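Chains as they are written, first to last, in this note's numbering: chain A, 1 to 113; chain B, 1 to 117.
One or more of the hints may lead you astray.
Result set (PhoX-like, lysine-lysine): computed pairs, CA atoms no more than 20 Å apart in a straight line [what the hints assert, rightly or not]: (1) K64(B) x K20(B); (2) K3(A) x K69(A); (3) K3(A) x K52(A); (4) K69(A) x K52(A); (5) K100(A) x K55(B); (6) K100(A) x K64(B).
Just so you know, these hints were derived from the structure itself, not from any lab.
A quick note: this is a predicted structure, and the numbers were derived from the prediction, not measured.
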Amino acid sequence: DAKTTQPTSMDCAEGRAANLPCNHSTISGNEYVYWYRQIHSQGPQYIIHGLKNNETNEMASLIITEDRKSSTLILPHATLRDTAVYYCIVRVGGGNQGGKLIFGQGTELSVKP
Amino acid sequence: GAVVSQHPSWVICKSGTSVKIECRSLDFQATTMFWYRQFPKQSLMLMATSNEGSKATYEQGVEKDKFLINHASLTLSTLTVTSAHPEDSSFYICSAPPVLAGSYEQYFGPGTRLTVT
Chain A
1 DAKTTQPTSM
11 DCAEGRAANL
21 PCNHSTISGN
31 EYVYWYRQIH
41 SQGPQYIIHG
51 LKNNETNEMA
61 SLIITEDRKS
71 STLILPHATL
81 RDTAVYYCIV
91 RVGGGNQGGK
101 LIFGQGTELS
111 VKP
Chain B
1 GAVVSQHPSW
11 VICKSGTSVK
21 IECRSLDFQA
31 TTMFWYRQFP
41 KQSLMLMATS
51 NEGSKATYEQ
61 GVEKDKFLIN
71 HASLTLSTLT
81 VTSAHPEDSS
91 FYICSAPPVL
101 AGSYEQYFGP
111 GTRLTVT
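One chain only, chain A, in its complex shape:
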């Protein structure tokens, strides 16, 4: 699976959009970009995933560059409850069975009042 690079930490003002970047320059054509987050002392929570098209769900939007070498997770209106570590993971799509997820160091997002 391709390696990802994320900033160690970021701050965001409450109510503003949080834009979390991720570099995955060695991504292969059949690898998906996944985002998970982990709130302190809890299990990770799935946010969104995509292959090459931009994706949006009730939690966030995922913007993938045309060359697929980087992506950005957007939380449109960050709240204090969005304070967490956000992980960008690249791996082959699971089909009926998700494969193992290899976690990098992630980005620690702090949403401030």
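Please build the complex by placing chain B on the supplied structure of chain A, with the hints as guidance.
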């Protein structure tokens, strides 16, 4: 969304004893489950892949005789930490991908905090 539970949520044990942690998928079946370990201020580290009806697959550097994994049914996997030592104190988390067509998500348990004294 689907729910994965872990039991116990926390446990304290004495050095040299064994501890069993359960991971259950409550409303879906999972032929595969994953076990992770997380030390304070660090990321999750994959320990092993639990396979229903067959042996677990361990990541490099993880002692299979120390961390015993059993996947006895499509909804239950157990991790037993044998002869626990203080350095085994950690946050243990399991995850499970549902056996559903088109499912790309994995669902994580809430974690089990193990403290070995």
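Here is how each hint holds up against the structure:
1. With a CA separation close to 14 Å, the supplied pair K64(B) and K20(B) stays within the 20 Å bound.
2. A threshold of 20 Å between alpha carbons decides the hint, and for K3(A) with K69(A) the separation of about 11 Å falls inside it, so the pair holds.
3. For the given pair, K3(A) sits about 17 Å from K52(A) by alpha-carbon distance, which is consistent with the 20 Å threshold.
4. Of the pairs offered as hints, the one joining K69(A) and K52(A) holds, with about 10 Å between alpha carbons and a cut-off of 20 Å not exceeded.
5. Distance restraint check for K100(A) and K55(B): the Cα-Cα separation of roughly 16 Å lies within the 20 Å cut-off, and the hinted pair is therefore satisfied.
6. With a C-alpha separation of about 18 Å, the suggested pair K100(A) and K64(B) falls inside the 20 Å cut-off, and the hint holds.
No hint from the list above goes unmet by this structure.
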